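Take a look at the letters that make up each chain.
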Amino acid sequence: MKAFLPFLAVIFLVLLVIVGVKTASLYFLFGVVVPYAALLTFLAGVVYRTVKWGTTPVPFHIPTTCGQQKTLPWIKQSKIENPSGTGGVIVRMLLEVFMFRSLFRNLKTEMHEGPKITYGSDKWLWLAGLSFHWSFLFIVIRHLRFFTQGVPMPVQIVEGLDSFLQIGLPLVYITDVLFLAAVTYLFIRRVTIPQVKYISLAADYFPLFLLLAIGCSGVLMRYFLRVDIVSVKTFTMGLVSLRPKIVPGISTLFYIHLFLISTLFAYFPWSKLMHMGGVFLSPTRNLANNSRIKRHINPWNYPVKVHTYAEYEEDFREKMKMAGVPVEKE
Amino acid sequence: MAKEPKPEELLKTINYTPPKTGWMDTPVEIKPGMFCWGAKAKSLNTVGFPNARDWNPTEEDWKLPDNWQEILIEGIRERLSKYRSFRLFMDICVRCGACADKCHFYIGTGDPKNMPVLRAELMRSVYRKYFTTPGKVLGKLAGARELDLQVLKEWWYYFFQCTECRRCSVFCPYGIDTAEVTMVGRELLNLLGLNIEWTMGPVAACYMKGNHLGLEPHTIVNNIEFMLDDIETITGIKVTPTFNRKGAEILFVTPSGDLFADPGTYTCMGYLMLFHELGLDYTWSTYASEGGNFGFFTSNEMAKRLNSKIYAEAKRLGVKWILGGECGHMWRVLNQYMDTWNGPADFLEVPKSPITGTVFDNAKSTKMTHIIEFTADLIKNGKLNLDKRRNDHLKVTFHDSCNTARGMGLFEEPRYVIKNTCNHFYEMPDGTTREQTFCCGSGSGLNAGEDMELRLKGGLPRANAAKYVHEKYGVNMLANICAIDRAALTTSMNYWVPAVGVTGVHELVANALVMKGEKKRETNLRGDPLQMPEEEPEVAAGAAAPAEKTAGGKANV
Chain A
726 MKAFLPFLAV IFLVLLVIVG VKTASLYFLF GVVVPYAALL TFLAGVVYRT VKWGTTPVPF
786 HIPTTCGQQK TLPWIKQSKI ENPSGTGGVI VRMLLEVFMF RSLFRNLKTE MHEGPKITYG
846 SDKWLWLAGL SFHWSFLFIV IRHLRFFTQG VPMPVQIVEG LDSFLQIGLP LVYITDVLFL
906 AAVTYLFIRR VTIPQVKYIS LAADYFPLFL LLAIGCSGVL MRYFLRVDIV SVKTFTMGLV
966 SLRPKIVPGI STLFYIHLFL ISTLFAYFPW SKLMHMGGVF LSPTRNLANN SRIKRHINPW
1026 NYPVKVHTYA EYEEDFREKM KMAGVPVEKE
Chain B
48 MAKEPKPEEL LKTINYTPPK TGWMDTPVEI KPGMFCWGAK AKSLNTVGFP NARDWNPTEE
108 DWKLPDNWQE ILIEGIRERL SKYRSFRLFM DICVRCGACA DKCHFYIGTG DPKNMPVLRA
168 ELMRSVYRKY FTTPGKVLGK LAGARELDLQ VLKEWWYYFF QCTECRRCSV FCPYGIDTAE
228 VTMVGRELLN LLGLNIEWTM GPVAACYMKG NHLGLEPHTI VNNIEFMLDD IETITGIKVT
288 PTFNRKGAEI LFVTPSGDLF ADPGTYTCMG YLMLFHELGL DYTWSTYASE GGNFGFFTSN
348 EMAKRLNSKI YAEAKRLGVK WILGGECGHM WRVLNQYMDT WNGPADFLEV PKSPITGTVF
408 DNAKSTKMTH IIEFTADLIK NGKLNLDKRR NDHLKVTFHD SCNTARGMGL FEEPRYVIKN
468 TCNHFYEMPD GTTREQTFCC GSGSGLNAGE DMELRLKGGL PRANAAKYVH EKYGVNMLAN
528 ICAIDRAALT TSMNYWVPAV GVTGVHELVA NALVMKGEKK RETNLRGDPL QMPEEEPEVA
588 AGAAAPAEKT AGGKANV
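Chains A and B, in that order, give the protein sequences.
Throughout the first sequence, residue numbering follows the working numbering, covering 726 to 1055 in sequence.
Throughout the second sequence, residue numbering follows the working numbering, covering 48 to 604 in sequence.
Take every hint as true, because none was put in to throw you off.
The list that follows gives simulated cross-link-like pairs (lysine-lysine, DSBU-like), each with its CA atoms no further than 30 Å apart: (1) A:1044 - B:293; (2) B:87 - A:1044; (3) B:67 - A:727; (4) A:833 - B:519.
Calculated from the structure, these hints are not laboratory results.
On a predicted model such as this, the values are computed, not experimentally measured, just so you know.
Next comes chain B alone, as it looks inside the complex:
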C-alpha cells in the first residue's frame, strides 16, 4: 500500500450491503493493498514447481500454460478422490449463512466473497459444472459455472484472502472447514505457478537453508549470540546454548521469526534463559531451524518436504525427544500432520521432563511437546522462581492463536503460565477468545507489506477486542504463543490500538524468572527500566523453592 489510510478512512470503506449484481456476475477486481505479489520464477524453480516465471497479478496476461483449464480440472478430480473433506464439503453445504459473519476478512471488508460460504462457492460452482449431473445439465440454475480466466483470477484473489484460520468451521453445523477448500484451491493454483512470493520465497529458503528467513548456519549462531550478549547485560549470566550437538537429550525447534525481529527475539531470549536456568540438556539445529511451515500454505507435498527435516534431524542427532517453541500453524502441522507424513518417530522416546519427571503422554506418538505445556508443568511443580512483580507494569490479555486453538485446544496452559508470571490478566470478550478467537489477519503466509490494507482490515476484529479491554481495564500488552502473531499483531495494534504492545509468553516468563546468580535486574528484556517497589521479591504461588538443576529429577507434585 503506497499510502496508509487513517483508521477512520479505512473503516469508511467497509460496506456490508451486497452488490446489486449476483456474485457470479460480479467480476473480480484485483485491488492494490489487497493482494500479495506473484511468486517469482527463482523461488518456484528452487523447489521444482511448475510454470516457473516472473508474473504480475495486475497485468492481463498471467502467462499460463495453454491447457491450464485441463490441468485444473484434472487437479480437482485427483483431490476429490484423495480428500474426503474436500469431496464432502463440495457437496453438503446448505448455504444457511451461519459462517457468513464469522470471517475476520468479511467483518473487515464487507466483501461478500469473503463470507466463508461464498469463498467455498467459488470452488463449488466449478465443481458442479464439471463433476455433477445437475451442474452439467442445468448450468447456472444449479449454481454451476465454467472455469474461465475470470474465475481463475477470482480464485487466486480470494484463496489468498483466507488465512485458513478455521473460525468458520467452529460455527458450521456440518463442520465445513473453509481451510480445507482454500488449501485445495491453493494447491490447484500452484499447478499453474500461481502462488504469492511472500509464501514461496520462505518456502524456497526453508527448503535450501532450513528456515523461512533463509538464515544460514553462521547467521543463526550470530543472531543468538547477540541475544546472549543482551541476556548477559541484563542478568549478568552467560548463557551457552549448543548447535547441532549429537547426543543432546532434547532437540529444540522454534519458528525462525523468533531469531530475527522483535518482539519475537525477546521470546527467544526467554527460551534461552529458561533452558539455561533449568540446565536443560538440549540443542538447537541449524538444519531443522524452522518450526513453522509455509509449505503448508502451498501444497500438502511441499509441507511434507519441509516438515521432514525435524524428524530427520532428531534422528541424526540422536536426541530423545523434541521440544517446540511458541508458534501457531507450526503446531497445527505438528499436531495433525507431522506424524502422518513423516512418522513413525519410533527412534524417539515419549517426552519426559527431565526437571519434573512428568511424562507427556499426549505426545506419545509424535514425541514432540509444546513449550507452553513444558513450562506450565514446571510452574505447577514449583521448579521456577518467579517474581511476578517484574511484570506489574503490564496489564496483559491473551490472544489465542487460530491453530493452537482450533487445531489443538491449547487454552489453559498459556493462561496458567501468564497468571503465574503476571499479576494483571484480563480476558477479551466472549466470542473473540478460545475456539472463537480471531485471526491476527495475516496468517497463512499473508503477512507481506503490499497487502497491508487486507491485513489491517482482517486484523480489525482482534484489534477491536483488544481495544475493548484496553479501554475497560487499561490492558497494554497482548500476549500470544505464535511467531506470526508477534509480527502481525504488532503492526495491527500499532494501527488500531497503539497503546497495546505484543509479547510472546516466554518473554513474560523470562522477565519474571529469578535466575540463580543473577545480578539485580535494572531493565526487562526490552531494555526498559524495571519499575519495582524496593522490597524483597515475593515468590509466586506454586513456585516454592528455587529450581533444582537435577536432570531426570523426580516429579514433585
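So here's chain A without its partners, still in its complex pose:
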C-alpha cells in the first residue's frame, strides 16, 4: 500500500501530461508555467529550509568521533575521522559528501547458532547510493547543453567520459544505465529487506518512482522514440533566456519528462530529499573535536539553580567535622 499509492501518483502525473498536452493542448501551462513555478518553488524552498536550519543554534559541540583524538604528541591522531581543526573537518565533510564515507562503513550484522554474532562487510547500499548520486550529477551536467549557447567544454568532457565505451548509436551514456540500475536496486532493497520495508513510508517510494519515470522518459527520448533535439534546444533556450516560446513539433514524451522533473523540483524542498543540503549542516560531522581546547558558546546558555557548596556545608557541617574534612565555617 505504501508503495502502491506513490506508484499510482506517478502514473497519474504522466496521464495528466498526456491529457493536458495531447487533448487539451495546454502547451504553455506544461511547458512554461509549470517549469518556472517549479524552479521558483525549488529555489525558494531550499533557501527557506536551509536558512531555517542554519539559523537554529548549535548549542553544544557534538561531533561523533570516529578515530583517535588529538592527545599526547607521540600518539598519532586520526586527523580526518577525529579532526581537531578546520582542515580536518573539511576533508571529513568532502569524504562524506563525495564518497559517502559513513555509509562505506556499513556492516551486516547476523546472528548465527551458538550464538555467534558476525559483522560482515556490506557495501551494496554504499555502491548503489554512490552510483545513483554521481550518475545523477553527471546527467544534470550533461543537460546543461540544453541551457547554454553552444556546448561548454566541461559539459563536452563529461559527455565524452560518460560515453567512452562507444557502444550503440547514439552512444550509450554509462550514467544512464547506472542511474536506472541504482534506482531500481534502491527500490528492490526497500521492498525485499523486511526491516527496510517495515520502516519505509510512502515518502520513500514516491521519489524513487519519480526518478525512475524521469530516467525512463529520458532514455526513451534519447535512444528509442527520438525527439527533435533542435526544437527541444530552441525551446529550452527560450526558457533559460526568459523569452519562453512554445516550439511546435516536440513530442508529448518530452513534456512528460519536463513535467516529472518539475514535480521533482517542486517536491524537493518539502521532502527528505533535502538531505542534500542537510548533510553539510550535520553537527556530528561538521564540527572539530576541539571542545576541550576552545570553548564552544551556546547562544541560549542561561543561569540555572544549583546547590551551592555553602548550602552543602550547611547540611553536612557536623558530619564533615567528625570525619576530619575541613569546613569553611567552624
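Given the coordinates of chain A, work out where chain B should sit on it, guided by the hints.
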C-alpha cells in the same frame, strides 16, 4: 525480572521478523523486565521537576496533567528552535536502514522499534503532524500521527530503551545521532514527570549530596579509609589522601561508583596507590564527588546543574587544574558540554603533569585531563616502575566505552597503558571495538535491576565479542575505563560469558606498580594470591627508573 531466564531461553525470544502490522498500528506493550520503575515524587521534588507524584508505568493511569499534549507540543516547538541537531534530524532521514542492525538493543531484542531509525520515527511522526505541512494535510500517508496516550507510552518505553551510545551515528550517512533524539525525548517526558527512578534517584542524590550514590561526606571518607586499609595490608604502605583541601595543585573527580562496589573500588584503590607513589599534590572533594552526570540522561538543564559543582569546587579550593577518573558518559559531558555550560574556567591553569612536565594542550580550555592520558604520559616518560608479570594470570581485552570512543576518541591511551601493565592483550573482532564499539547495554541510567532482561539483551553483542576472544585466546578479563561498564559488564559477563571478569585499567596499573618501600606482594588488589615465578622482577619496557617524586619535575622524553 522475577526469574532470570537461562541464556538459551533468552536467545529464543529474539526474533528479527517484523510484525505483520505496521509500526504505527502496533501498540506498545510495556513488558516486565524491559523497563525501569517510574520516578518517585520525592526525587522529582528534590530538584523541582514538574508533576511530581508516585506512579506506576504498568497501570493505565499515568497521572498526567490535563494539558499534557499541549505541554509536549510546546516543548517540541521550543527544542526545534534551540537545537539544530534536533530540527535537522527530524527532517533529513531518508530511512535507508543503514542504522537498523547497528543498535545493540535491536540486535538483542529484534524489536523493530529498537532500530535507531524507527526510534527516531516515533518522534518524527509527531513532528510531521504538528510542524510540517505535508504531515498536517496528508496525515498517515506522510508518516504523520497524532500524539495520543499510546504514542506517549511508546515514547517512554523506547526512549528508555536507548542508551544514547551513538553507535548508529557512526554509520548514518548524514551523521544522524539518535542520542540527540532520545535526549530531547527524555527532556519532553520530564516535562510530565515521566522519568525513571533509577535515573531520578541518583540525580536527586547528586544534587543534594554531591554524588549519585548519595554518599555523605563522612561516608566517602570512610569508604576510602576501607580501601586504604586494604592497600596497607597488600603493600605495607600507608596511603594518606586528603579531602576538600584548599591549595592542592589538583582536584581529582571520579564517578562515585568507584567508591562503592567492586570491581570499581579496585580501580579506585589503583588511583590512590598511583597518586601516592607519585607524591601528587591533589585532593578529593566530598562536594564535587561525582564525575558522572545522570542529569545528562534527564535534561540539558539538570545536567548543567549537577556539572556546575566541578568548576565551583575547583575555584573554591584554589586548585590549578582538574584530573578526572575513568568514566564514560562523564567524559562525553566533560569533553563536549562542561565548558559550554559552566566555563570559562579562566581561574585554572592548563593542566601540566607535575611529574613529567607534559602540558596537556588538548585540555587548554576545560583544564581537565583524563587520568588515562595522565598515566599514559607517565609510562611513556618512564616514571612508573611496572612489573607486568603480576598481571600474567590475565588475558586481557579492552572494551571501548561508547562515550570515550564516539564522544572523544580515546583509543590509544588506554591500550598503551594496558600493554605496559599486562603481557597478554587481545583485541575483540573488528566491528565491535573503537568507534564501532558496543554499549554495555546498561548505559544512560538504565542499569537497574527491574529491567534486567533489557540489559542482558542489550549487552549481548558486547558479551558475544568477549566470548569470541575468550574461546579463541582464553581471554579472561575485560578492561574498560567506565564506572557503569564496571558494574554493568560484570552482570552481563556473569550471564553470557562467566569466565570473563571485568576490571578498570587503573586496577591493572596498581597491580603492576612496584611502589617504593612496598613489601613483597602476596595478593593482587582483589585479595587473590599472586602467581609469580620466583625471580627478580623485570622492569617493563619504557619504565626505566623508579619514579622520582619531584613535583614539577622536568619532562624526560
